[in-house]
Amino acid sequence: MKKAHVFQYILVTILAVGFFGCKPADDGDVIKIGEFASLTGREATFGQSSHAGTALAIEEINAQGGVLGKKLVLITQDDQSKAGEPATVVRKLISRDKVVAVLGEVASSRSLEAAPICQNAKIPMISPSSTNPKVTETGDYIFRVCFIDPFQGTVMANFATKTLKLKNVAVLTDVKSDYSVGLAKFFKETFVQSGGKIGSEASYSGGDRDFKAQLTTIKAANPEGIFIPGYYTEVGLIAQQARQLGITVPLFGGDGWESSKLVEIGGQAIEGAYFSTHYSPEQQTQQSVQFVEKYKAKYNSLPDAMAALGYESALILADAIKRAGSTEGSKIRDALAATRDFEGVTGKTNIDENRNAEKPAVILTIKNGEFKYVETVEP
Amino acid sequence: MTEFLQQLINGLALGAIYALIALGYTMVYGVLRFINFAHGDVFMLGAFSGYYLARIFPQESFLGAAGVFAGSMLICAIIGIIIERFAYRPLRDRPKLTVLITAIGVSLLIEYTGQHEKVFGAAPRTFPNLVPDTNFVIAGVSVNSDQILVLVVAVILMIGLQLIVLKTKIGTAMRALSFNAQAAALMGININVVISFTFGLGSALAAAGGILYAMNYTSIDPLMGILPGLKAFVAAVLGGIGNIPGAALGGLIMGVVETFTAGYISSAYRDAVAFSILILILIFKPSGLLGKTQVEKV
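These protein sequences, in sequence, are chains F and S.
Going by numbering that gives the first Met the number 0, 190 is the number at position 191 of the first sequence; the sequence numbering is gapless.
Going by numbering that gives the first Met the number 0, 128 is the number at position 129 of the second sequence; the sequence numbering is gapless.
Same shape as in the complex, but just chain S:
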């Protein structure tokens, strides 16, 4: 039983990070109907911004950690907006496939620029401790302070996101755009501003995910975003792409399933199981767990 609970906690902490990345995929898809494959690399840039910012802010203090989070989220929001402005906006009226291939191109550009020795270099780096590291043991189950922080930060950010999307003017505009971009434009919504905002918001969440990931798994490198990015994409599809609570749920399920696979079967099947889930979902419920089936209008 203790082992089971421990695995569950391990899985939830991992899943919360996937959920944060998955939110970015889902929001961009909801508004623009395309998958931003460079999202996993923004996640990596978030971790690296955190790495450099941690030198400025006081170490091992909550205030310092908050500063690192805020700074890194801001940097990545700006990067996200720049990527959209220069790579995706010029192609907005082109076929979706063109934009998709561009997204892969942007992703490779970030990865290999990052590996250049004058940028980050290919060697892994050690991420510093942002908050004092302690272990709590409750009924034989060890919970690390970093794991608690992951869950708390993830929940706060998800509630915040939900509030922005449902209660604010720009959130309403985002939803209007996802229903019908043309009609929204006719109603006087500035589409460019809303799309930039969506990219900024999604990238900021990815940055937070990157720092949380780096805090838990302390080595970071320029290719660290590839696999979590893919897993989060699966999580977004699993929950129903375009659906925000769905992405959160999908992320948590992915984290838990992966951990149980590695713990009880074999780590060799970890990724295989993740992508099998994607295939099963695409066969049996293509709209995802919480997604609504949409009728294609002709």
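Next up, chain F with everything else stripped away, as it sits in the complex:
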């Protein structure tokens, strides 16, 4: 009996130490910034690139002494490219890690999931590269540092009519993705306005692997080009299956294509295709050249648009915290909204009244398995 008593004492002591012994981490000397990204899963390269950029920026800021005399700490959560996951991880970032601001995501559907949570908690959220207009419409705490799809759709529609000289195109949309549906809509509007014709419209659901049925229908309509506003995993497969079915017309799409996996999956079939995005490492501005150098030194690879915007989102946030002079949510929000002429890697960032950034778009093509710069379109 006595022995059992002793054990109970020990047990209670251990539990008590476990509960009360470890004090909450001292928040005094660091500023915690949350990040949610698709580090694994179907859109893994988006999250990995974006995170690489963000982490590089945080490291740089800390090397220069941090913000408000404190070091920044980046807490990253993986949402596995899955619907439902962003809500869980962002709630965790806000309630458990007590972050002062949230950075993320690339895919619009997942940013849209996290946005209401940040809005309700009055924690500013910056999406580095979600382009669907609805993301920032969620509320006044939600920002983005990239252009939006009405602009991107217009750019690609003009590119199709003016550069590629197409009159009749087919559109293949991912109905599961807010980004894809939105971009397709804005593309069609401008393309039809400038005299073009949408010869055929088909859809798929993200995660599908068989697109031959839709492509056969598209082929029967004889379009001069196919606009595919989707994400790279599906786009690669679509390109392959289109070429297998004997479709030889040009394929083009938006920033969802930007991933080295696109070329890996699409192979020969994706050669000569075009897409619009935010940034190309071939751009020769001073900021871009410096960024490419630093990125290469750290990761030994070339940055893409997601990395550039991930980098920029962290720098803009740090700048806002500096100007706010405080880590209070409402003060950071006001400072973010007042961001003007921030010289970054992808151009000047001006946050407008809808909390979006107006930025130039870059058009790239795929040549010998690499992305090549074609042109820049100013807003």
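The reader is advised that the hints may include incorrect statements.
Cross-link-like lysine-lysine pairs, in silico, BS3-like; alpha carbons within 30 Å at most [claimed, not checked]: (1) S:168 to F:295; (2) F:184 to F:31; (3) F:187 to F:175; (4) F:297 to S:117; (5) F:187 to F:161; (6) F:347 to F:184; (7) F:196 to F:164; (8) F:366 to F:196; (9) F:81 to S:117; (10) F:91 to S:117; (11) F:91 to F:121; (12) F:366 to F:70.
Here are some chain F residues pointing at chain S (derived, C-beta under 10 Å) [what the hints assert, rightly or not]: (13) 174; (14) 216; (15) 232.
Don't read these hints as lab results, they were simulated from the structure.
On a predicted model such as this, the values are computed, not experimentally measured, just so you know.
All C-beta atoms, glycine included, are put in the ideal place defined by N, C-alpha and C.
Assemble chain S onto chain F, guided by the hints.
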């Protein structure tokens, strides 16, 4: 017309893969009267074994492809036998529902183990080209070499399976077991061996289906087996579960119907149509197209 023929070929190539998976469901059901829900995941493991084996064998050659197929089918046959031995055999005398829930458990175990970064990881991978990739155009209809390979391999495997089941001793034992397990045991048939063999055979077919699927739709991930597995299950019920030619027919019908739905109506209804077929069959012909109605003995 060309468009119609093209859709038909697309559908048949997809259907042949469903048929191969459906055969595994049907055989296990025929012998054990239970649905092995982990079957779709064995299909995924088949694709991943093919992915790793393709690095050993010479690429883009028929001999290499044959090696990949044989190796992956062997690996999955062993996995199938192991699953049966450790997950299902201890529960053989328990209610069927217990085994069914265990099957779902095994399925989730394989899926989420596969997603762990130290196993396969959740990111999709690109399946290599096993045979030289060429397109044939016949009367305006494009046929890809992978599609032809799917049909040829599926037909060979189905004929082989039919021969095993009808002409060999172990096949006779399988059929005896599906009629009456107790009587078969009394006649000196080693039930455990026959059941292991059935699982091995079904899993090998799933592996072949997995590689064919991966060759056609070149990205593979640990969750790739869920939907094809469910569709193949519908195909097996459609053809008459427990009936081998029925599973083949059901698979082909599923593939064609899905492709036509996506091509002529909308891809959004693709899965809805597949599962509506299941409901209709269960209402109007519960035994399936080729299944025989059995009188429940009391």
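Each hint tested on the structure:
Taking the CA atoms of residue 168 (chain S) and residue 295 (chain F), the gap is about 65 Å. The hint is violated against a cut of 30 Å. With a CA separation close to 38 Å, the supplied pair residue 184 (chain F) and residue 31 (chain F) exceeds the 30 Å bound. For the proposed pair residue 187 (chain F) and residue 175 (chain F), the alpha carbon gap of about 18 Å is at most 30 Å, so the pair holds. For the hint pairing residue 297 (chain F) with residue 117 (chain S), the CA-to-CA distance comes to about 24 Å; that is within 30 Å, so the pair holds.
Distance restraint check for residue 187 (chain F) and residue 161 (chain F): the Cα-Cα separation of roughly 15 Å lies within the 30 Å cut-off, and the hinted pair is therefore satisfied. Restraint check for residue 347 (chain F) and residue 184 (chain F): satisfied, since their Cα atoms lie roughly 27 Å apart, inside the 30 Å limit. The hinted pair formed by residue 196 (chain F) and residue 164 (chain F) meets the criterion: a straight-line CA distance of about 12 Å does not exceed 30 Å. Only pairs whose Cα atoms come within 30 Å are accepted, and residue 366 (chain F) paired with residue 196 (chain F) is accepted, the gap being roughly 28 Å.
Using a Cα cut-off of 30 Å, the hinted pair residue 81 (chain F) and residue 117 (chain S) holds, with the two alpha carbons roughly 20 Å apart. A distance of roughly 25 Å separates the Cα atoms of residue 91 (chain F) and residue 117 (chain S); the hinted pair therefore holds under the 30 Å criterion. At most 30 Å may separate the alpha-carbon atoms for a hinted pair to count; residue 91 (chain F) and residue 121 (chain F) meet this at roughly 15 Å. Note on residue 366 (chain F) and residue 70 (chain F): the hinted pairing is violated, with a Cα-Cα distance of about 43 Å set against a maximum of 30 Å.
Because the beta carbon of residue 174 (chain F) sits about 6 Å from the nearest beta carbon in chain S, less than 10 Å, this interface hint is met. The interface hint given for residue 216 (chain F) is met, as the beta carbon of that residue sits about 5 Å from the closest beta carbon of chain S, less than 10 Å. The beta carbon of residue 232 (chain F) comes within 6 Å of a beta carbon in chain S, closer than 10 Å, and the hint placing it at the interface holds.
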